[in-house]
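Visitor: Sequence:
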Amino acid sequence: MKKIEDLIKLHASNFSNVDKQIAKYVLLNHKKVCSMSINNLAEAAFVSTSSVLRFAQKLGFHGFSAFKYFLAWNEDSVESQEDITFQAIGEAVNKMLSDLGGPTILSTMHYIKESRRIFILATGLNQQYQARDLQQHFLQQGINMVLLPSNSGSVLNKQISETVTSNDLLIIFSASGENTVVKDFLKLPTLIQTPIISFTNNLDSWLSTHSNCVFALSNLDNNTKLNPYFSGLFHILIDFLALQFISFNSNTENK
Numbered sequence: 001m002k003k004i005e006d007l008i009k010l011h012a013s014n015f016s017n018v019d020k021q022i023a024k025y026v027l028l029n030h031k032k033v034c035s036m037s038i039n040n041l042a043e044a045a046f047v048s049t050s051s052v053l054r055f056a057q058k059l060g061f062h063g064f065s066a067f068k069y070f071l072a073w074n075e076d077s078v079e080s081q082e083d084i085t086f087q088a089i090g091e092a093v094n095k096m097l098s099d100l101g102g103p104t105i106l107s108t109m110h111y112i113k114e115s116r117r118i119f120i121l122a123t124g125l126n127q128q129y130q131a132r133d134l135q136q137h138f139l140q141q142g143i144n145m146v147l148l149p150s151n152s153g154s155v156l157n158k159q160i161s162e163t164v165t166s167n168d169l170l171i172i173f174s175a176s177g178e179n180t181v182v183k184d185f186l187k188l189p190t191l192i193q194t195p196i197i198s199f200t201n202n203l204d205s206w207l208s209t210h211s212n213c214v215f216a217l218s219n220l221d222n223n224t225k226l227n228p229y230f231s232g233l234f235h236i237l238i239d240f241l242a243l244q245f246i247s248f249n250s251n252t253e254n255k
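Everything in the sequence shown is counted per my numbering, starting at 1 for the first residue and increasing by one.
Derived from the structure by calculation, the hints contain no laboratory data.
Where hints are given, some of them may not hold.
Unchecked claim - Below are the BS3-like pairs computed for lysine-lysine, each with C-alpha atoms no more than 30 Å apart in a straight line:
1. K24 with K58
2. K3 with K32
3. K20 with K3
4. K183 with K58
5. K3 with K58
6. K31 with K3
7. K20 with K9
8. K158 with K113
9. K58 with K187
With the hints as extra help, turn the sequences into a complete structure.
Guide: This is the structure we're talking about:
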């Protein structure tokens, strides 16, 4: 596996001056970058978030989260992850579930049950797997969720974003919470206050601040070390929410 230094050197001939500025910061602080949001890195390198995203894509990554995962697994950061044990992962799962607020879960259950239509947008490969998992769990309970294409030029996405109402529900999976596809898609829905449920690594992201319900993992201890396990933790979270919905649905029907 290439080191980040090798990857930057490989693509350096295509770098703009802004790219070189980001590269310099990353090379000097790559371990620190593992726990940064795209906003944090942009501010630290004195560039825009879109410049950071373009930099990651020039290195061959689909998005910023994939770039961070590469850094986390990079040879230079292996030492910081060697002490992750099954016990540590188990503690992370327990903390994740115990930190879920009752009002957030209850609001999520109400939105899912009462919404006229439900649409899911997932921006990365891991996020698409998580979205399909959520879709399948709730389809088994009679709740239909439409999984939208993840590309920015989708005609369907444009039609959906222009026609959703406050009676619909949007569920967004975005690791960074700063993805431009997500921001473009949500421009109109946020104006008309369509409910949004987000699944993201970053509680301080743009997506989190524009969502009605947020499920984030950024408050976990040893956040940097746990980054490679976030995808699996989200699947556990999805299983938990599906079980909660069974109980919620049963209780509401019996009233």
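Visitor: I'd like to know which numbered hints this structure contradicts. Please list them from smallest to largest.
Guide: Of the numbered hints, all hold.
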